[in-house]
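Colleague: Assemble chain C onto chain W, guided by the hints.
There are 2 protein chains.
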Amino acid sequence: MEDTTVLLGHGSGGTMMRRIIDNVFMQAYGTDELHQGNDAADLVIPQDGSRLAYSTDSFVVTPHFFPGGDIGHLAICGTVNDVATSGARPAYLSCGFILEEGFPMTDLKRICASMAKTAQEAGVHIATGDTKVVNRGHGDGIYINTSGIGFIPKDRHLGGQLCKPGDKILVTGTLGDHGITIMSCREQLSFHANIRSDAAPLNGLIEDVLQAAPGTRCFRDPTRGGLASTLNELSEQAGVNMSVQEELIPVKPEVRGACEMLGYDVLQVANEGKMVSVVPADQADAALRAMKNNTYGKDAAIIGEVEEKEAQRDSRVTVRTAIGSTRILDMLVGEQLPRIC
Amino acid sequence: MEDTTVLLGHGSGGTMMRRIIDNVFMQAYGTDELHQGNDAADLVIPQDGSRLAYSTDSFVVTPHFFPGGDIGHLAICGTVNDVATSGARPAYLSCGFILEEGFPMTDLKRICASMAKTAQEAGVHIATGDTKVVNRGHGDGIYINTSGIGFIPKDRHLGGQLCKPGDKILVTGTLGDHGITIMSCREQLSFHANIRSDAAPLNGLIEDVLQAAPGTRCFRDPTRGGLASTLNELSEQAGVNMSVQEELIPVKPEVRGACEMLGYDVLQVANEGKMVSVVPADQADAALRAMKNNTYGKDAAIIGEVEEKEAQRDSRVTVRTAIGSTRILDMLVGEQLPRIC
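For the record, the sequence lines run as chains W and C. Each step along the first sequence adds one to the number in my numbering, with nothing skipped, and position 109 is 114. Each step along the second sequence adds one to the number in my numbering, with nothing skipped, and position 93 is 98.
Worth flagging that the hints you see were computed from the coordinates, not collected in a lab. Quick reminder that beta carbons are idealized off the backbone N, C-alpha and C, glycines included. Among the hints, a few may not be true.
As the list claims (entries may be wrong) - Covered stretches of chain C, going by a simulated chain W footprint (3 or more residues, C-beta under 8 Å):
hint : segment
1    : 42-48
2    : 55-62
3    : 97-109
4    : 125-136
5    : 145-152
To be verified - A few chain C residues that face chain W, going by a derived Cβ cut-off under 10 Å, partial list only:
hint : residue
6    : 8
7    : 156
8    : 343
Pulled out of the complex, with its shape left as it was, chain W reads as follows (with noise of 0.2 Å):
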């Protein structure tokens, strides 16, 4: 399928933004580094065959300030926790902001405090930067782009092509809280009073999970598509299926009326502070522990498993239901709800 025009749905993270990716872009210019398909490029230092985590990420989001977090938050929180799903230690970040002529200088300087904020608490360094201004009607206020570098450990190697049949499947807790704090702010629902977004720097947890449980084999950023495309991702790379147990996944009570109340597969909804990961099977108790241990992972849990794919066919995933009928969990296709980071 040819399409002609960009669409919102290109920006999803479903198959919509697969088809823009491989059709476009690695067309273009598919280097080995952008087809390892993991959150962030692991790359080699020439000099001394060390290893670097290079990730980015632009921040388009509405509104700017949401409760839980902003757009400087999320612009911090996002490329951060990219860059250590690789298992590096994140530390220097650039920053582009695009900005809107007219955009209040409160609002700047109110994001830019975030910013600083999290990336103390994230431990890393903005670096260099970048400013550009367009002219009233050409943008939306402001619009982020990070990068991040971090430094990978001599011994770790993390990757969703490293998962095996047998291997467990973790999330670090409540799914859909960032996209139905989006959702609830921008259509003024009157659910929103109790939910937060959950944007977080995670890069503290998954050094945790990795001192624990050293064999896990990778972890995954369930933003833009939810924990759907991750773990359809995930399986394809690995050339695995994957099953999750529908009871097992944490999920807020408003969260999930919410997303009954409005159609949505709370599955394919965006997340900015749980991370997806991937971890044989006799370490899954210790990185859970880890995991619980942690200020953003009280919710924890181990939520299914990495199974072998039947020659021939597809990779896939399914979803278990508590009364022992299953489906199949699918990538959203189109654009659930845009601008959601």
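Modeller: Structure of chain C alone, referenced to chain W:
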């Protein structure tokens, strides 16, 4: 002076931009790395003490295609050049797109092909990327952020702070080509047939100069704000004065004519394929020869020198004219031509 909203001039590369950097960004998170004040941050890799260069730039130029280049070509050149100013060998780039709903896919493919070609010429890999789509009316087709990483050879230490009285100031070619090209496209001016953007990856040229003149103090990319902003920044950074001889500064006759017609000072017009370099006097001829032997440096020239600053006075940049008069070369104050890169 307190700005209450963001103005176009805050993206100019001139004094207003300095104000937003100092009053907003540095106030919020003024890290040591940001205070270095060079085009790329010079960072230590903790494992072994070796160093990397890191820089970022967002590209919002309009039109997206212009004689001599396009937004994609610019997005690679700009960041490669900023990284290379530190003496680093650029290795990896990140690329974040902010696309507007409805942007033609053929344009996107053409831009990506141009990025691929330029990255190949510069010898860098696009290693990580991100794509966001904003709704119609909230962008301008395409904005691109790139960041870049390069590795700095052990014995190289470059930076504006190293400039010393007696050093020579060089430029690698004619000034104003990029800015006047964009202007002429936008205004559909008749002189545009003979003018092309100079955008080019200059890492090879910089490497050549450093081989020939290893004592070179610094390179700086005279983009927004042109030579005027670059020399004012350098002289302030090093606590020196600088003086350039007007008739030694290479400017194409058609660019000079356009500037006269439009009332622009060519020394404040943006370049995208030129470097300003400061070199000790005894290596200046060697540096100049190396520039002239490179495809992108044929019109290189020694244009002036670094001078002692008077005690108790601010750093100052002066232009001496052929008839013997002298004028102060100020930084651009407001905005001359928005969205030049």
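Colleague: All the hints need checking, so say for each whether the structure fits it.
Modeller: Verification of the supplied hints:
1. 42-48: holds (count 3)
2. 55-62: holds (count 6)
3. 97-109: With 12 residues closer than 8 Å to chain W, the segment 97-109 of chain C meets the three-residue bar; holds.
4. 125-136: holds (count 7)
5. 145-152: With 4 residues close enough to chain W, the hint holds.
6. 8: Status holds, d = 5 Å.
7. 156: This interface hint holds because 6 Å falls under the 10 Å limit.
8. 343: holds (6 Å)
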